[in-house]
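**Student:** Sequence:
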Amino acid sequence: MVLLVETLRIIRNSLPFRMGEYEESELLADIVTKEEFRATINRHTMEMMNDKEGSKHLCAKAVAKFPRTFTSATANANLAKAMRWWKMRDSITGASRASVALSSRRADGRKRVALKAGPGRGRRRSAFVVWIYPELLSEFDRLRKAGLKFDAPLLRQLAIRVLDVTPGPFGLASVDDNGALWADKITARWVQQFMECNGIVLRAQTGNRQISPEKQMQIEKEVAFHLGVVKRGFESGEINEDTVENIDETHFVFDFDNGKTLGFSGEKQIKYADVVSGGEGMTMVVRISGGTGARILPPMMIFTNATRSYPIRGVPDNVDGVCYRSGPKGWMDKRVFREYLTERRAQRPDRLGRVKTIFLDNCSGHLSELECESELKAINARLRYLPANATDLCQPADSFVIVKIENVWRLWNEKKIELIEDEAWQNKARKNGDWSGKLRNPGKHFFLSLAAKAVQEVNGVRDTLRFTYARKAMIRCGLSLGTDGTWSTQQLFPHLQEIVKKYPSHFDGEAVTIAAVHAK
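Numbering follows our numbering, in which position 224 of the sequence shown is assigned residue number 224; successive positions increment by one, without gaps.
Since the hints were derived computationally from the structure, they do not count as laboratory data. Please note that the accuracy of each hint is not assured.
Stated by the list, open to error - Cβ-Cβ distance ranges computed for the label pairs, FRET-style:
id	residue 1	residue 2	range
1	Asp164	Lys453	10 to 20 Å
2	Asn389	Asn459	22 to 32 Å
3	Lys329	Arg382	22 to 32 Å
Using N, Cα and C, we set each Cβ at its ideal position, and we do this for glycine too.
Starting from the given sequences, assemble the full structure and let the hints guide the process.
**Tutor:** Below, the structure is given as structure tokens:
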């Protein structure tokens, strides 16, 4: 016991607390379960035991000195643990830190996870990881220096590309011991781990804006009222799920320069290649049908064009599965909305002659029913507006359908790599002798094809119940009947169910007034 007291005295300065504040058993438990304490015990206790009591049965003697922590019931396991610590004493003592913090995206949001294994500890890397890490790091560094602007999704595409084109023991068809494709294991989390291991960081961050509690309350009450109206509409037969549609817009900037790119920690100069007219935006108008055959219907693209030209010179509107119009800002405005309603590839009457009910946001770019009465009559449709400022709460297209489409938009990342590889720089001199030196714009026809492919790919995905994303989104937002053919609050997203529970009177039909919100 003298040796134990001496050991505790020696390591006292390493402890984050005063020894007198804890019982001996608590103190010992803290010591032997923390990485830094293991290192201290290896460095001091083992050396003293070797000096004073000889080198025989070294680990067994060390375990015997901590009877309250290393119990006799697990003697063999305790001895094995001490022997492992002793064998790994160099890595334990020389470890730079005991844990690594890793940002992880989970179903309930983004969290920071502390990995318990320090450098050199934990599971051994697979042969695949040992091979691909240096290959991917080398390719990342090469393209980064060539001017390619990186983000995490693009880094994932690069990893898959490296697996495909780099000669070596692994390829796209390679599988692990369980028969799973290595390519399928290159996920967002895998990319985060790669970035952490190689000191690759994103150089900036942003946060979400907040609104006042009173405004949030008003929005939730209007959502509850909207859900009640939809429920009663289905029950009365006023709304037919087979003729319900939802439209929403998502805005893309095909090389949106937000000043951020992936790079190594500590770099002083950050440069990446821009694309000619890289600040131009475009909008995809997403339309979802309801009912059991719910799917994403052919979209319309809105390109940026100051004179609203259609067709734009050199851009024929002949891509299957998509059409386009143009506007000064590449966004939906009232003139483009009128053209959208009259474009039969984007909007057409129900094939059985039934009245269509189109749910959409009440943004300023949309017309009211009175303003587009003739256009709606031509397609036998009526407009129903969703609550203001509630797109993130009850808009089916915005729930996760658009997110899935944006995920497929990663094909643009592949195109950027191709442009870099082909050295597709805009080096043709202008009349004044100047040139931009940026990457060439792949052209609007490329993005039309990309939009059609994105919708086609998302429509082909099914969940575990064999539902399309469109069908699932319409049910969860209340714009379709549930799987049992009835409308119930249980089919809604959890956050919508909570809103209904909070404001049952508005769900039952009580109108929402601003005065009532402020009085509350």
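**Student:** Each hint should be assessed against the structure and marked as holding or not.
**Tutor:** Going down the list of hints, with the structure as the test:
1. Take Asp164 and Lys453: their Cβ atoms lie about 19 Å apart, and the range 10 to 20 Å holds.
2. The supplied range of 22 to 32 Å is met by Asn389 and Asn459, whose beta-carbon atoms lie about 29 Å from each other.
3. Taking the beta carbon of each, Lys329 and Arg382 are about 28 Å apart, inside 22 to 32 Å as hinted.
Against the hints set out earlier in the document, no violation occurs for any number.
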